[in-house]
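Asks: Going line by line, the protein sequences match chains A and B.
Mapping of the first sequence onto our numbering: position 133 corresponds to residue 179, and the numbering continues sequentially without gaps.
Mapping of the second sequence onto our numbering: position 42 corresponds to residue 88, and the numbering continues sequentially without gaps.
Calculated from the structure, these hints are not laboratory results.
Just so you know, these numbers come straight off a predicted model, no measurement behind them.
A hint or two may mislead.
Note that the list lumps identical chains together, so a pair holds whenever it fits in one copy or between two copies.
[To be verified] Here are the simulated lysine-lysine pairs, DSS-like style, with alpha carbons at most 25 angstroms apart:
{"no.": "1", "residue 1": "143", "residue 2": "241"}
{"no.": "2", "residue 1": "165", "residue 2": "177"}
{"no.": "3", "residue 1": "263", "residue 2": "241"}
{"no.": "4", "residue 1": "180", "residue 2": "89"}
{"no.": "5", "residue 1": "292", "residue 2": "139"}
{"no.": "6", "residue 1": "144", "residue 2": "177"}
{"no.": "7", "residue 1": "193", "residue 2": "144"}
{"no.": "8", "residue 1": "197", "residue 2": "249"}
{"no.": "9", "residue 1": "143", "residue 2": "165"}
{"no.": "10", "residue 1": "143", "residue 2": "193"}
{"no.": "11", "residue 1": "292", "residue 2": "249"}
{"no.": "12", "residue 1": "138", "residue 2": "165"}
{"no.": "13", "residue 1": "263", "residue 2": "249"}
{"no.": "14", "residue 1": "177", "residue 2": "89"}
{"no.": "15", "residue 1": "241", "residue 2": "89"}
The chain contents come next:
Number of protein chains: 2
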Amino acid sequence: MRVAFQGEPGAYSEQAVFEYFGEVETVPCESFDVMFDSVASGKSDAALAPIENSLAGSIHQNYDLLLRHSLHITGEYFLRVRHCLIANHGVKKEELKKAISHPQALGQCAGYLHSCGIKAEQVYDTAGSVKMLKESGARDTAAIASKRAAKLYGMQILEEGIEDNAENYTRFLAVQREPVAPQGNAKTSIVFTLKNVPGSLFKAMSVFALRDIDLTKIESRPLAGKPWEYLFYIDFLGSINEEPAKRALDHLGEYAIMLRVLGSYPRFIP
Amino acid sequence: MRVAFQGEPGAYSEQAVFEYFGEVETVPCESFDVMFDSVASGKSDAALAPIENSLAGSIHQNYDLLLRHSLHITGEYFLRVRHCLIANHGVKKEELKKAISHPQALGQCAGYLHSCGIKAEQVYDTAGSVKMLKESGARDTAAIASKRAAKLYGMQILEEGIEDNAENYTRFLAVQREPVAPQGNAKTSIVFTLKNVPGSLFKAMSVFALRDIDLTKIESRPLAGKPWEYLFYIDFLGSINEEPAKRALDHLGEYAIMLRVLGSYPRFIP
Numbered sequence: 047m048r049v050a051f052q053g054e055p056g057a058y059s060e061q062a063v064f065e066y067f068g069e070v071e072t073v074p075c076e077s078f079d080v081m082f083d084s085v086a087s088g089k090s091d092a093a094l095a096p097i098e099n100s101l102a103g104s105i106h107q108n109y110d111l112l113l114r115h116s117l118h119i120t121g122e123y124f125l126r127v128r129h130c131l132i133a134n135h136g137v138k139k140e141e142l143k144k145a146i147s148h149p150q151a152l153g154q155c156a157g158y159l160h161s162c163g164i165k166a167e168q169v170y171d172t173a174g175s176v177k178m179l180k181e182s183g184a185r186d187t188a189a190i191a192s193k194r195a196a197k198l199y200g201m202q203i204l205e206e207g208i209e210d211n212a213e214n215y216t217r218f219l220a221v222q223r224e225p226v227a228p229q230g231n232a233k234t235s236i237v238f239t240l241k242n243v244p245g246s247l248f249k250a251m252s253v254f255a256l257r258d259i260d261l262t263k264i265e266s267r268p269l270a271g272k273p274w275e276y277l278f279y280i281d282f283l284g285s286i287n288e289e290p291a292k293r294a295l296d297h298l299g300e301y302a303i304m305l306r307v308l309g310s311y312p313r314f315i316p
Numbered sequence: 047m048r049v050a051f052q053g054e055p056g057a058y059s060e061q062a063v064f065e066y067f068g069e070v071e072t073v074p075c076e077s078f079d080v081m082f083d084s085v086a087s088g089k090s091d092a093a094l095a096p097i098e099n100s101l102a103g104s105i106h107q108n109y110d111l112l113l114r115h116s117l118h119i120t121g122e123y124f125l126r127v128r129h130c131l132i133a134n135h136g137v138k139k140e141e142l143k144k145a146i147s148h149p150q151a152l153g154q155c156a157g158y159l160h161s162c163g164i165k166a167e168q169v170y171d172t173a174g175s176v177k178m179l180k181e182s183g184a185r186d187t188a189a190i191a192s193k194r195a196a197k198l199y200g201m202q203i204l205e206e207g208i209e210d211n212a213e214n215y216t217r218f219l220a221v222q223r224e225p226v227a228p229q230g231n232a233k234t235s236i237v238f239t240l241k242n243v244p245g246s247l248f249k250a251m252s253v254f255a256l257r258d259i260d261l262t263k264i265e266s267r268p269l270a271g272k273p274w275e276y277l278f279y280i281d282f283l284g285s286i287n288e289e290p291a292k293r294a295l296d297h298l299g300e301y302a303i304m305l306r307v308l309g310s311y312p313r314f315i316p
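Chain A on its own, in the form it takes in the complex:
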């Protein structure tokens, strides 16, 4: 099985691929577009796309790509983002003067670095910082990246989980060419648009509330170039193979200008 992800080898997304799919072949892609194309064209069997981060929010671009392609969500995975302090072999923490990584990773470890008296220096990529550090052989410098990146470049992990906020999760969606038919504990993701008149969303939500269907996500997004229409993302518990969800979506179809089921899939249980 070949699974596409966005980023360089050793990226957090690649780590998520191994944790979710097991021992598969990974296909690094330079952008989300390339990653979706890789699945659509058959070059990859699946992609694992980050869709929201607990600190940074939803990644609209991947919703756009789901709408543009005829692909299906077949699963979800929550990755706890655990940053590692990585150094060349034999280096001790006391020797460190600076740490290099992507600005976002440095920012998420700012308190830790400050308490250790280590200066932060920005580079463009987390996994890339490990590669750079290995090539330089520097003993006063650490990289901040995933466990996977340390393993890939055969480097030493001095400390794991150095992020200041432990509640740093990224939710990924598995995307494939064929839908799955989940049984039992399932989740369904839909996208729809409504006329922007007062109460329209309220009506739309009544189709779920009247059937005691539990929503796990709702998000509105103004439609580019159409200031009077909104796009809504909703995730709810249940599968489109079950009667209540089927009826709710039929009912929603009466109000929605556009309605698309992105997929029903097994719910992630930590």
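Got chain A; can you put chain B on it based on the hints?
Replies: Leaving out everything else, chain B in the frame of chain A:
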């Protein structure tokens, strides 16, 4: 007036400060935390915080900071993100072999660069790429950054608006220590939490629907460490100084575990 923003001089956020506040003194901050502290402590009179981008989604971290501080939203601004191709003086577009910038900016101009036969090379910052280019004096290289960054470093703009997707907007919120009392066309931003039982959000939304109050944003966010509670962000048209909004919030208070008004402020009219 001193206005804090996150980033280096020449960042898109600084451009937004000048467009929204006019000719003020800007205070560059290395992180969103530092930016909020700058206003809370009185070092700055206001901050302009990015809260959502049309392609990248909401920036949850700034919602977290709004909740942590007793500050008020006093206005909003939408910045159209227009990337510029920037070069040293006298350089012609035909001489260019590569472009340097932040990975996100390079990604948003990937189609343009490809069509011009220009290779992309990642650096950590948009404004920083202009500074680097100036220092190197290179004639085969361009930087991709804001108009403001080109002006700041006295560099030449070869082309403006080179992003592939023209619908690239960032919404900013002005944040100050004292609330404003808007008259007329106002917007109000609130945050609240609900028990995660089926239909709870439906009830919460009824307080607006029953009063014909129009929502312009709704977003759910699972609460870190509390899997059965959700945080909701809602923006609606109207001011808390008006009767219908006052009554709706009173009514919402009956269901919500926590409810906080982040501010009522004049709605941005493009």
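Asks: Run every hint past the structure and note whether it holds.
Replies: Hint-by-hint comparison with the structure:
1. 143 with 241: neither (57 angstroms within a copy, 47 angstroms between copies)
2. 165 with 177: Cα proximity of residue 165 and residue 177: in one copy and across copies (19 angstroms, 21 angstroms).
3. 263 with 241: both (20 angstroms within a copy, 14 angstroms between copies)
4. 180 with 89: Classified as neither; 32 angstroms inside a copy, 42 angstroms across copies.
5. 292 with 139: Answer is neither: 57 angstroms inside a copy and 56 angstroms across each miss the 25 angstroms cutoff.
6. 144 with 177: Classified as both; 16 angstroms inside a copy, 22 angstroms across copies.
7. 193 with 144: within (19 angstroms within a copy, 32 angstroms between copies)
8. 197 with 249: Close neither inside one copy (52 angstroms) nor across copies (50 angstroms); limit 25 angstroms.
9. 143 with 165: So residue 143 and residue 165 pass the 25 angstroms test inside one copy only (6 angstroms; across, 34 angstroms).
10. 143 with 193: Result: close within a single copy only, 21 angstroms intra versus 36 angstroms inter.
11. 292 with 249: Intra 17 angstroms, inter 23 angstroms, cutoff 25 angstroms: intra and inter.
12. 138 with 165: within (16 angstroms within a copy, 39 angstroms between copies)
13. 263 with 249: The answer is both: 17 angstroms in one copy and 16 angstroms across copies each meet 25 angstroms.
14. 177 with 89: neither (27 angstroms within a copy, 40 angstroms between copies)
15. 241 with 89: neither (39 angstroms within a copy, 44 angstroms between copies)
Hint check: violations occur at hints 1, 4, 5, 8, 14 and 15; the rest are consistent with the structure.
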